[in-house]
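A.B. asks: Spelled out from the first residue to the last, the chains are:
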Amino acid sequence: MSTTTSTTRATPTSSSLASSTKFKTFAITFAIVGPVIYMVCLFFNWPLFTFHPATNRIALGWEAARSGEGPNMTWYGWTATTLLAGSVVSFLATLLPETVTRKIPLILVWLIPFLAIPYLAWDLRQWWFHP
Amino acid sequence: MDIISVNTFWTIWLLVHLLLAVALLGALTHQAVAAVMPVRQVAGPGGFVTRFRAVPAAGYATAICVLWILTFIVGSYIYTKYRIYIRIPIEQAGYWKTQGFFDFKEHVASIALTLLPAYWFFWKNAHNPQYDTARKMVTVYLAIACWFLFIVGHVLNNVRGFGS
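Read top to bottom, the protein sequences are chains X and L.
Just so you know, my numbering puts 24 at position 24 of the first sequence, and the rest follows in order with no gaps.
Just so you know, my numbering puts 1126 at position 126 of the second sequence, and the rest follows in order with no gaps.
Since the hints were derived computationally from the structure, they do not count as laboratory data.
Keep in mind that the hints are not guaranteed to be accurate.
Simulated crosslink set (EDC-like; lysine to aspartate or glutamate; CA at most 16 Å straight-line) [as the list claims (entries may be wrong)]:
1) K1081(L) with E69(X)
2) K1081(L) with E1091(L)
3) K1105(L) with E98(X)
4) K1097(L) with D123(X)
5) K22(X) with E98(X)
Every beta carbon over 10 Å from chain X, so not counted as near; a handful from chain L, in silico [unchecked claim]:
6) I1003
7) T1011
8) W1013
9) W1120
10) I1151
11) V1159
Even glycine gets a Cβ: it sits at the ideal position worked out from N, Cα and C.
Extracted from the complex, chain L is given alone in its bound form (with noise of 0.2 Å):
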């Protein structure tokens, strides 16, 4: 006897997805912004921008990692049912720039995965200035991928995903 329905499953697994994408895209855009301006000295408590970019970044690295492998890993899962009950009435419908987009997220997600070990590296040699450039733009490069694949990911759910 099923527990749940097959769409009950699908849809917790979409779920799984998008708390993993959340919790990578907030990690990363705190990071990002700490690499790219570091707290160096304030005086005072600081506002809203300064508490954001305070974070221990390096902290972050490892964490950041097995978040995109575990999220790609689940997007990869339901990629599946995306091709076949998703993108099939995508295409039928004629929303072509959509579902170029979303090709689009797949080539980023994959380019991206091939640059953590190195960013990696980076984070946990982040006392070395040799590695200062190349740290802070490939994470920059990070975030906004991240950003990127959270938005068509958030704008391909709304044309046809949760509940279709």
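Isolated chain X (complex conformation) (with noise of 0.2 Å):
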């Protein structure tokens, strides 16, 4: 008879950025803020620049597609205003005492991202009942 004993813990880590209460904050801050500011960023349409892919054109903003030069793209824009936003926020969070950083409630961790989904499909609403 042989024996399988669980493999999902591991031993504790040797890694200084997994034991760093600092970094606790950020990825959890980070985590938390990261969805919120990226549906707020759909809401306002607030992309931190605008790719236009036939020319090859970055512009700083939301900057409408120009006729005769192709579509515009704004997700960069959208995910790298989310990127640079959450790493302030996050960083932000770790300067404040650890006595409030530990009363951050992890659920909202994978609580906000859950909730992101029904968000998500009413913002793309346009496409489903689309005539």
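With the hints as a guide, bring both chains together as one complex.
C.D. replies: Set out below in structure tokens:
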């Protein structure tokens, strides 16, 4: 008879990053504010930049597609806004005392991304109900 | 002199994106199943399902983060060509829901990207029961997201992708 033991748990990590309290605060805050910032960017259409793939032109902020220059792309800009703003907010969170950051509810790390799904479906309603 | 044609160049990148996605999908599925249904103790060799979930899940975390970022970067790179040569014909053909699902895919990929630091931290501290629920839920979210992204990408490729 052979025995297989649980393989999910790891031995305590020796990585300094994984044991860093500041990184923990950064990572948890980033996971919470990231999806929120992304949804805000979508709602208000706040890309950091707009890319025009036909001409390889990049414009700061949002810029409409120009006649004869093909479509515009804002997804890169939304993602860039999210990563930049999320990093700033998460860095600021690391400056807070540990007694405060310890109170950040871990449930938000996964609840917000799950709640983002119905919002995204609503945001894309133009495609589902297109005549 | 061009060594390869423009079509071949982009096809190679599409295939790189596919291969990275397959590796990511496999790793995340193993890890998610191991997180949700960990193998505690098995008498005997165990069946396929037992062996499937009996992987050293914590050891996958860094590789999954690297694979997600690489797949994301390559996907972002080929997206520029998708926008012109795939999306416009799809819109002209009136495949609105297909287009909607691709936009859904890009949103989910970006949101999942923001979860990676926390996901990595939870798995590197897998010995700490305080993070058990968050670790499982984030891993399951990433696995579901990865399957969704993969299937949508596959359908999009069938509609107008490889060789078109």
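A.B. asks: Compare the structure with each hint and give your call.
C.D. replies: Results for each hint:
no.	hint	result
1	K1081(L) with E69(X)	14 Å, holds
2	K1081(L) with E1091(L)	15 Å, holds
3	K1105(L) with E98(X)	36 Å, violated
4	K1097(L) with D123(X)	13 Å, holds
5	K22(X) with E98(X)	9 Å, holds
6	I1003	22 Å, holds
7	T1011	18 Å, holds
8	W1013	15 Å, holds
9	W1120	7 Å, violated
10	I1151	15 Å, holds
11	V1159	14 Å, holds
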